[in-house]
Amino acid sequence: MEKNRNYFIAIGLSVVIVLAWQFLYMNPRIEQQRRAEEARQAQQATQQSQQTTTNAAPGAPTPAGALPGATAQQAATVSRDEALAKSPRVQIDTNAIQGSINLTGARLDDIRLKDYHETVDDSSPLITLFSPSDTRDGYFTELGYIAGEAVGTVPGPSTVWTAASGSKLTETTPVALTFTNDKGVVFTRTLAIDDHYMITVTDKVENPGQEPISFSTYGRITRNNKPATPPVFVIFEGFLGVAGADGSLTEESYKNIEEKPFTSPKATGGWLGITDKYWAAAIVPPQTIPVESRYTHFTDGQPRYQADYRADAVTVAPGQSIELKNLVFAGAKEVPLVDRYEAEYSIPKFDLLIDWGWFYFITKPMFKLMDFFFRHIGNFGVAILLTTIVVKLLFFPLASKQYASMANMKRMQPKMEELKAKHGDDRMAMQQAMMQLYKEEKINPVAGCWPMLLQIPVFFALYKVIYVTIEMRHAPFFGWIHDLSAPDPTSLFNLFGLLPYDVPHFLMIGVWPIIMGITMFMQMRMNPTPPDPTQAMIFTWMPLIFTFMLASFPAGLVIYWAWNNTLSISQQAVIMKRHGAKIELFDNIKALFKRKPVETK
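With the UniProt record's numbering applied, the sequence shown corresponds to residues 1 to 601, in that order.
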């Protein structure tokens, strides 16, 4: 029993350390970084608006053979509406997206997501994913060509395309753009979009001349700023991609790329992009041509981050043509949709666009189960509760062994006390006697540890699901919980909204964190109070510490934890009663309020 208790304390302390690190170190550090970044950007914008522009404009010609983005980009100083009005455009309007294509560069630089708002209020602005490069939040995707002088001018950042057909890009009406260069080479770009976020870009190059022509293609995703929300250790945001059909996932943070660019080995197949918590932009290059991917950070002119690729050169014979296809994903990382794209377009490991974490093999099936319940019930909070029940049932045999071991150890307490009295301070003799007792009673003292170890990955997998999947974003539960991905908005310190004043962030201790703390307290009181004063103090204060720590965590996770504690209490009570062990919950609670006897000398 003592070993099990020590083990639980060790587990609890480990979790406390992680939570304390997040609450006391990471959260203040993240807030400090956010303020510093805002101050830096404001200062930089002021300096750049005052200086004479000597850098090339966003659409400036790129030296032959160089990948666009390497030339300086003018400081972003105009509003989004002004930027959209500066160049001719073709509108995009689907069930999921509204925006436009910039005919200068044929850029996708204006995309808003119709199904997602900035807050839980449906009247709040739509999520803006892409914006023109000369705005503060510039973020766009561009596809183009690189070639020598013999080919003539090829489409790039400054090329103005002509809309040949289609006045609006919809699910049923593709758009064709054309450009003919000074050597008569005809470039035709056809853009088609599905019912969500995948845009198919088919480029056709016709060579009417008498000599073969060779050129390379490129694609880039460029953004001026990092996400406004500072990074959190539990989720990856930054550059990612898979180089080659059999390649592994590469993830590079903004910080890493600021320090050193990353270039992947040349490979055929794969994809690359930039991911936020809920949104992503990715390019799937032609899957039959070797490409070299690169992640970089430019500081000249307008600072910007870029994920790009350059393909090997292709040759078009006289009088012939060639077709190349790119896919561009720009939207929300909805799990079923991302999985569908992986299968439908044979994109290698595209499901890893969503950060499933180390326990991928647990996390994704757990989401599938939760999503199954949601689609039948319509409430993700209830889906969390039902998923927890299923997990508890799956682990019931292990939990039964764990609690049975605890019950057996508890039954042996009188005999252990006799051994302690018999052997006194002779630890060696005491240890040998206890091992003999375990052997006679057929008790494995470590049997209760393994079930706990096996359940830890499941807990973190569920934590990951609740924290990273967009399906949880703005998903309501009941009552005051309108967003399971956000903390409980109530606070004990203004009587849960009854008193007309706001409380500091660190005092936002809501109803559900308090319920979680109470259930955790009851679960810990299912076992005897440790005789060691330090351990006893940890047992006493740990639920209160967790209540404060988890108050800033997503409400969905807190609800899960409270419900899991409740199920664990019931489960432990049933199993221990079945094995004849006394349930000491109420006795332990009463003991907390008993006055300790005064020692007399």
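Treat the hints as calculated values from the structure; they're not laboratory data. Some hints could be false.
[Unchecked claim] Dumping the calculated DSS-like pairs for lysine-lysine here, alpha-carbon to alpha-carbon at most 27 Å:
#1 K183 - K114
#2 K577 - K401
#3 K183 - K325
#4 K349 - K401
#5 K277 - K255
#6 K255 - K266
#7 K349 - K325
#8 K392 - K422
#9 K349 - K364
#10 K168 - K277
#11 K368 - K114
#12 K183 - K260
#13 K168 - K204
#14 K368 - K277
#15 K277 - K260
#16 K114 - K86
#17 K255 - K183
#18 K183 - K204
#19 K204 - K364
#20 K349 - K277
#21 K401 - K422
#22 K114 - K277
[To be verified] Quick list of the computed label-pair ranges, beta carbon to beta carbon:
#23 A317 - A163: 20 to 30 Å
#24 V160 - E82: 38 to 48 Å
#25 E344 - F496: 17 to 27 Å
No residue lacks a Cβ here, since even glycine has one placed at the ideal position from N, Cα and C.
Here is how each hint holds up against the structure:
1. K183 - K114: 42 Å, violated
2. K577 - K401: Holds, at about 14 Å.
3. K183 - K325: Answer holds: K183 to K325 is near 23 Å, not above 27 Å.
4. K349 - K401: With Cα atoms ~39 Å apart, K349 and K401 exceed 27 Å; violated.
5. K277 - K255: 16 Å, holds
6. K255 - K266: Satisfied, since the Cα-Cα distance of roughly 24 Å is no more than 27 Å.
7. K349 - K325: 19 Å, holds
8. K392 - K422: 42 Å, violated
9. K349 - K364: 13 Å, holds
10. K168 - K277: Given pair K168, K277 is violated - Cα atoms ~30 Å apart, limit 27 Å.
11. K368 - K114: 25 Å, holds
12. K183 - K260: Roughly 39 Å between the alpha carbons, so the hint for K183 and K260 is violated.
13. K168 - K204: 20 Å, holds
14. K368 - K277: 19 Å, holds
15. K277 - K260: At roughly 23 Å apart (the allowed maximum being 27 Å), K260 and K277 satisfy the hint.
16. K114 - K86: Since the Cα atoms of K114 and K86 sit roughly 24 Å apart, the hinted pair holds (cutoff 27 Å).
17. K255 - K183: Outside the cut-off at roughly 44 Å; violated.
18. K183 - K204: Within the cut-off at roughly 16 Å; holds.
19. K204 - K364: Judged against 27 Å, a Cα distance of about 39 Å means the pair is violated.
20. K349 - K277: Roughly 18 Å separates the two Cα atoms, so the pair holds.
21. K401 - K422: At roughly 30 Å apart (the allowed maximum being 27 Å), K422 and K401 break the hint.
22. K114 - K277: Holds: K114 and K277 sit about 18 Å apart, inside 27 Å.
23. A317 - A163: 20 to 30 Å: Since A317 and A163 have Cβ atoms about 29 Å apart, the given range 20 to 30 Å holds.
24. V160 - E82: 38 to 48 Å: 19 Å, violated
25. E344 - F496: 17 to 27 Å: Hint violated: Cβ distance 48 Å, outside 17 to 27 Å.
In the structure shown, a violation is registered for the earlier hints numbered 1, 4, 8, 10, 12, 17, 19, 21, 24 and 25, in ascending order.
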